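Protein chains: 2
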Amino acid sequence: MQEDSLKWSNRSPGQGHISIVGLGPGGPQDMTPRATEALAQAKVVVGYRPYIALLGELAASKEVVATGMTAEVERCQEAVRRAAQGQRVAVISSGDAGIYGMAGLVLQILHQEDRAGRIGVEVVPGVTAATAAAAALGAPLMHDFAVISLSDRLTPWETIARRLNLAAQGDFVIVLYNPKSKTRTWQLSSAQEIILQYRSPATPVGVVRQAGRPGQQVWISDLASFLSLPVDMLSTVIIGNSQTQVLGKWMVTPRGYEL
Amino acid sequence: MQEDSLKWSNRSPGQGHISIVGLGPGGPQDMTPRATEALAQAKVVVGYRPYIALLGELAASKEVVATGMTAEVERCQEAVRRAAQGQRVAVISSGDAGIYGMAGLVLQILHQEDRAGRIGVEVVPGVTAATAAAAALGAPLMHDFAVISLSDRLTPWETIARRLNLAAQGDFVIVLYNPKSKTRTWQLSSAQEIILQYRSPATPVGVVRQAGRPGQQVWISDLASFLSLPVDMLSTVIIGNSQTQVLGKWMVTPRGYEL
Chain A
1 MQEDSLKWSN RSPGQGHISI VGLGPGGPQD MTPRATEALA QAKVVVGYRP YIALLGELAA
61 SKEVVATGMT AEVERCQEAV RRAAQGQRVA VISSGDAGIY GMAGLVLQIL HQEDRAGRIG
121 VEVVPGVTAA TAAAAALGAP LMHDFAVISL SDRLTPWETI ARRLNLAAQG DFVIVLYNPK
181 SKTRTWQLSS AQEIILQYRS PATPVGVVRQ AGRPGQQVWI SDLASFLSLP VDMLSTVIIG
241 NSQTQVLGKW MVTPRGYEL
Chain B
1 MQEDSLKWSN RSPGQGHISI VGLGPGGPQD MTPRATEALA QAKVVVGYRP YIALLGELAA
61 SKEVVATGMT AEVERCQEAV RRAAQGQRVA VISSGDAGIY GMAGLVLQIL HQEDRAGRIG
121 VEVVPGVTAA TAAAAALGAP LMHDFAVISL SDRLTPWETI ARRLNLAAQG DFVIVLYNPK
181 SKTRTWQLSS AQEIILQYRS PATPVGVVRQ AGRPGQQVWI SDLASFLSLP VDMLSTVIIG
241 NSQTQVLGKW MVTPRGYEL
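Those protein sequences? They're chains A and B, same order as listed.
Mapping of the first sequence onto UniProt numbering: residues 1 to 259, in sequence order.
Mapping of the second sequence onto UniProt numbering: residues 1 to 259, in sequence order.
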C-alpha cells in the first residue's frame with residue numbers, strides 16, 4: 001500500500017524529480033492548482049510544442065525541451081535523463097496525462113533506467129477531453145461509456161474495430177479520441193459504419209472542437225450525418241447510447257431517475 | 001453550433017443561473033479555478049451533504065441546500081426552483097458532474113420546467129475519479145477503457161453484466177465506479193467472475209480509496225485476489241487489460257511505443 005501519493009516530494013536538492021502533469025483542456029481556468037504548482041516548481045518543462053504554447057507565462061523562465069508530435073519516446077527519455085542529473089522536471093500532456101498522454105511512457109522508461117527508485121515521481125491528474133467535451137455538450141456521459149482512440153499508429157485497426165463493435169453492442173456511450181487527422185481520414189467513417197450495425201441512425205452524436213479552449217466549437221448531430229462536420233485532430237466525438245436525447249441545445253444521457 | 005459555452009453568463013441581476021460544478025476528487029489542489037469561481041459567484045449551493053463538507057470555507061456565507069444520498073431528484077428540482085426565482089445556484093458533484101453526477105438530472109429538469117431557456121446554465125468539468133485513481137496507481141488508462149458503474153439502483157444488473165462481458169471480451173481496461181456499498185455486496189465478486197472468463201487471474205487490478213483526498217489508500221493486486229481488499233463506496237477499481245503490467249510500485253498499461 002502506498003499512502004504517500006498526495007504528499008509533495010521533499011527530497012534533498014540533489015535528488016531529481018519528475019512531475020507528469022495533465023494541463024486540462026488548455027485554458028488556465030481548467031488547470032488544477034496542483035498542476036500549476038508542479039509547473040511552478042519545475043526547472044525544466046518537457047512536452048509537445050503546441051502544449052508548451054498553452055502554458056504561456058507559466059513556461060517563462062523555464063528551460064523548455066519541446067519536440068514534434070511523433071518524438072514521444074525521445075522526449076520522455078530526455079526527461080528521465082534530466083531528472084537523473086538531479087533536475088526538477090515537468091512532463092506535460094494536454095487533458096489528463098494518464099489518458100493517451102505521457103504518463104505510461106515516462107513510468108516505463110523510469111522503470112528501465114531508475115530501478116533504484118532514486119528519482120521522485122508524481123502523476124498530476126487533469127480534466128480530460130472526454131469530460132471537457134461532455135460539459136460543453138451537456139451531459140452525454142451520465143451512463144456507462146467506452147473511450148476509444150481511432151489512431152492506428154500504435155494499435156492495429158482490427159483491435160480498434162473489434163472494440164467499436166463490442167462497445168456498440170453493449171450500448172455504451174462511445175467517446176472517440178483522435179478521430180481524424182490529415183493522414184488518417186477513413187477511420188471515422190469506418191467507425192460510423194460499425195456502430196450503425198447496432199444503433200439507430202438517429203442516435204445523437206456530439207462533436208466538440210478545441211474543447212475548453214478559446215475558439216471552442218460545439219455541434220450536436222446524429223449518427224447518420226455527423227461525418228459532414230469538420231472533425232479533425234483537435235476534436236472529440238461522443239456517440240450517444242440508445243437512451244441519449246437532445247434536450248434543447250443539450251445532449252443528455254439519462255441515468256434512469258424517475259421524473 | 002454553440003460558441004458561448006466558455007463565456008461567463010452576464011445576464012441581468014434578476015435572471016437565475018445554475019452552474020453544475022464538478023469539484024474534482026475533493027481536495028482544493030485538484031479543483032479547477034473555473035469550479036472555484038462558479039462557487040464563489042453562487043448564492044446557493046445544492047448538494048449531497050458529504051460533498052458540501054468538502055468545500056470547507058468556499059461554502060461559508062452561502063445558503064446551503066443539503067440532502068441525503070437518494071434525494072437527487074428533489075435536490076435538483078430545488079436548484080431549478082431557486083434559479084427560476086432569479087437566484088444564482090451551484091449544484092455540486094464530486095469528481096466530474098457529468099459522470100454519474102448531477103449534470104444530466106439538472107438538464108432534464110430544466111428542459112421540463114424552463115422551456116423558454118430563461119435560466120442561464122453552465123456545466124463545469126472536473127477531475128473524475130477514474131483519472132484521479134489512475135494517477136495514484138501510475139498509468140493504467142493509457143489505452144482504450146470502459147467505465148462501468150456497479151450500482152444496480154437505477155440500472156438492471158443484466159445490463160451491467162452484459163457490459164462487463166463485452167468490455168472484458170474487447171480487452172478494454174475496465175474502471176468500476178460504485179463497486180460496493182453496505183447494501184450492495186455481491187456485485188463486485190460477480191463482476192470478477194465475469195471478467196475472469198476472458199482475462200488471466202494474474203491481470204493487475206488497482207484499488208484506490210478516497211482518491212485524491214487526505215487519507216488516500218492505494219493497492220495493486222490482481223484479478224484472482226483483489227476481493228480481499230477493503231473496497232467500499234469510496235473506492236475506484238481499475239482492472240487492467242491483457243497488456244497491463246506492474247512496474248515497481250506502478251500499474252501501467254503500455255500504449256505500444258517501442259522502447
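These are calculated hints, taken from the structure and not from any lab test.
Hints are not guaranteed to be accurate.
The list cannot tell twin chains apart, which means a pair is met if one copy fits it or any two copies do.
Lysine-lysine pairs mimicking DSBU-like chemistry, simulated, CA-CA at most 35 angstroms apart [unchecked claim]: (1) LYS182 - LYS62; (2) LYS249 - LYS182; (3) LYS43 - LYS249; (4) LYS249 - LYS62; (5) LYS62 - LYS43.
Treat the numbers as computed from the prediction; the structure is a model and nothing was measured.
Which of the stated hints cannot be reconciled with the structure, identified by number in ascending sequence? Nothing - there is no hint that the structure violates, so all of them hold.
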